[in-house]
Amino acid sequence: MIQFIVEPLQYAFMTRGLLAAVLVGIVCAVVGTYIVLRGMAFFGDALAHAILPGMAVGYLAGGGANPSLFWWALGTAVLSALGIGVISRNTRIREDTAIGIIFAGMFALGIALISTTNNYAVDLTHFLFGNILGVRIQDLTYIVVFGGLVLLIIGLLYKEFMVISFDSVLATTLRLPTRLLHYLLLVLIAISIVVAIQTVGVALMLAILVTPAATAYLLTKRLLVMMALAALIASLSGVVGLYASYYLGLASGAAIVLACTLIFFLVWGLLSLRQRMVITRLSGTQP
Amino acid sequence: MTLLNELQKTENLVRRHHSAHQTGTPILKVSNLSLRYETGFALEDISFELHTGERLAVVGPNGAGKSTLFKIISGVTRQTSGQVQVFGADPDGHICIAYVPQRSQVDWNFPVRVKEVVMMGRTGKIGLFRWPRRLDWERAYEALKVVRLEDLADRQISELSGGQQQRMFIAQALAQEAELILLDEPLSGLDTRSQEEIFEIMDRLQEQNVTLMVALHDLKLAAERFDRVLLLNRRILGLGEPTEVFETQTLLRAYGGQLRLLETSDGLLALEDTCCDDGDHFHSHPER
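Protein sequences, first through last, are from chains H and U. At position 267 of the first sequence the residue is numbered 266 (numbering that gives the first Met the number 0), and the sequence of numbers has no breaks. At position 198 of the second sequence the residue is numbered 197 (numbering that gives the first Met the number 0), and the sequence of numbers has no breaks.
Derived by calculation from the structure, the hints in this document are not laboratory data. One or more of the hints may lead you astray.
As the list claims (entries may be wrong) - In the DSSO-like style, the derived pairs of lysine-lysine whose C-alpha atoms are separated by at most 27 Å in a straight line are:
hint, chain 1, residue 1, chain 2, residue 2
1, U, K124, H, K220
2, U, K28, U, K124
3, U, K124, U, K144
4, H, K220, U, K144
Stated by the list, open to error - Label pairs and their in silico Cβ distance ranges:
hint, chain 1, residue 1, chain 2, residue 2, range
5, U, E206, H, G154, 33 to 43 Å
6, H, V224, U, E246, 39 to 49 Å
7, U, E149, H, M276, 50 to 60 Å
8, H, L265, U, A88, 52 to 62 Å
9, H, Q274, U, A88, 50 to 60 Å
10, H, S114, U, Q104, 24 to 34 Å
11, U, T76, H, L231, 35 to 45 Å
12, H, G154, U, R192, 37 to 47 Å
13, H, R275, U, F40, 51 to 61 Å
Said to hold, decoys possible - Selected chain H positions facing chain U (Cβ under 10 Å, derived; list incomplete):
hint, residue
14, R15
15, L18
16, T32
17, F165
18, V168
19, A170
20, T171
21, T172
22, L175
23, L222
24, L223
25, M225
Just so we're clear, the structure is a prediction, and the values are computed from it rather than from any experiment. Every residue, glycine too, gets a C-beta built ideally from N, C-alpha and C.
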C-alpha cells in the first residue's frame with residue numbers, strides 16, 4: 000500500500016503535478032461555487048476556450064517559454080471576459096448569444112494560429128487537454144501567486160459577492176457597486192482558468208470549475224461550507240486522477256475530470272438512496 | 000488592483016453622502032416625478048411628502064405603477080423627470096431606505112441561512128473588505144427578534160413559510176437600520192394569521208419611528224389599518240385619510256370596472272380589488 004503511494008512520488012514531475020492538481024483544484028472549486036450558484040457554466044466553458052489564441056500567440060512568441068504563454072493567456076482571458084460583459088450589456092443581444100459569438104470566434108482564431116506551427120497536432124493536444132506532468136517550478140509559483148490572489152479577493156469581498164449572487168435588487172438598493180463587482184468576478188474566473196490551464200486544458204476546464212462545486216451543493220446549505228467542500232473534493236480528485244493516470248496509463252487531465260465526475264455520481268447516488276430509505280421508514284411506520 | 004481602488008472610492012462616496020441628513024425636512028419628498036416609456040407614462044407628475052414615523056398605504060389597480068414608484072424611490076429604476084429627495088438630499092447617497100420587493104424573486108435554494116440573509120442588510124454598514132463583527136451579529140439578532148424569527152436563525156431559507164420569508168426580509172431592512180422601509184405587497188399570498196403577524200411588526204416598527212410605505216391590494220385593510228392612503232393609477236388620484244380618499248367616485252375613476260363595492264353593517268363601504276397580479280394570491284372573492 001505504502002509502496003503504491005510512494006512509488007510515483009520518486010519522480011519529481013509527479014510531485015509537481017500532484018501539487019499543481021491540488022492547488023488548482025482549490026482555486027477553481029471556490030470560484031466554481033459562484034459559477035454554479037449564478038448559472039454561469041456556459042460562460043466558464045466559453046472563457047476557457049477563448050484563451051486558446053492567447054496561448055497560441057504566447058507559444059509562438061516565446062518559443063514555448065511559459066512566462067510569455069501565461070501572460071498572453073491571462074490577457075486574452077480577461078479581455079474576453081470583459082468583452083462578453085460589454086457586448087451583452089450594450090446591445091440587444093442576449094448574454095448567452097454574446098458568449099457564443101466570442102467563444103467560437105476566439106477558439107477558431109486559436110486553432111488557426113496553432114495550425115501555422117510545424118508541430119500542430121502535439122501542441123494543440125497539450126493546449127486542449129493539459130500537460131500536468133510538464134508543470135515546472137516556475138508554473139507552480141504562478142499558480143500559488145495568482146491562485147492566492149483570487150482566494151484573497153474572494154475572502155475580502157465575500158459578503159459583497161454573496162449579495163450580488165443572491166439578490167441583485169438588494170445589492171442595488173444598498174448602493175453596492177454591482178457592475179464593478181460583477182466584472183471583478185468575471186476577471187477572477189478568468190484568472191482561475193489561466194492558472195488551471197496546464198492541469199486539465201481548455202476542453203476539460205469546465206469540469207474542474209463546475210463538478211466539485213455542484214457536488215458540494217448537494218451536500219450542504221451553507222456557502223462557506225460549500226466552498227470548503229468543493230475545494231476538498233477538487234483536490235482529492237486531482238490526487239486520485241493523477242494516481243489513476245500513473246498506474247493505468249490514462250491521460251492525466253481526463254483522469255482528474257473523471258475522478259470529479261465519479262465523486263459527483265457517488266454522492267448523488269448515496270444521497271438519493273438515503274432519501275429513499277427515509278421515505279420507506281416513514282411510510283413503514285404509518286399503517 | 001485598480002478595480003479594488005475604484006470599489007473603495009464608490010464606498011467612500013456612499014458614506015459621505017449618507018451623513019448629510021438634514022433635520023426638520025420630510026424623510027421623503029417626491030416632486031413632479033414622471034417615468035415615461037415610448038408607449039406612454041408609467042408614472043405621471045407624482046408629488047407627495049412623507050414624514051418620519053408615518054405609515055402610508057399605496058393602493059391602485061394592477062399596472063398602476065406602485066412597484067415602479069417604489070423602485071424609483073429606492074434607486075433600482077431611474078425616473079425620466081422630477082425629483083426624489085430623502086431628508087432633503089439626493090437619494091443616491093442614502094442607504095437608509097430599504098425596499099422589500101413583492102415575495103422576492105430570489106433563489107430559495109441558495110446555500111444561505113436566515114441570519115445571513117438578515118446580515119446582508121448590513122453589507123453597507125460593515126464596509127468593504129470586512130467581515131461582520133460582533134456588533135453586526137447583535138444587530139441582526141435584534142432584528143430577528145423584532146420579527147420573531149430568532150429561533151429560525153440557523154435554518155436554510157427554503158425551510159421558511161411564506162409569512163416567515165416576508166418577515167425575514169423585513170428583518171433584513173431593520174438590520175440595515177433603514178429609516179424608510181418600502182414594502183411591496185407584503186400581505187399577498189399570506190393567510191389571515193400571517194397577515195396579522197405582519198401588521199403586528201408594522202406597529203412595532205412605527206413605535207420605533209420607522210417610516211413605512213406599503214403597497215397593498217386589499218382596500219379594506221388599507222382603510223382599516225392605515226392613517227393615510229395614496230391612491231395611484233399612473234397619477235395620484237387621492238392622498239389623505241382613507242375616508243376622504245375612498246369615495247365611490249374617486250375609486251371608480253381609479254379602478255374602472257375592476258372594483259367591487261360592498262355595503263357593510265357600519266355603513267362604510269368595504270371595497271375589494273377584483274383583479275390579481277398573479278395566480279398565487281390568497282383571495283376571498285368567489286367570482287374568480
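Checking each numbered hint in turn, tell me which of them this model violates, lowest number first. Numbers 6, 7, 10, 14 and 15 - these are the hints that the structure violates, sorted from lowest upward.
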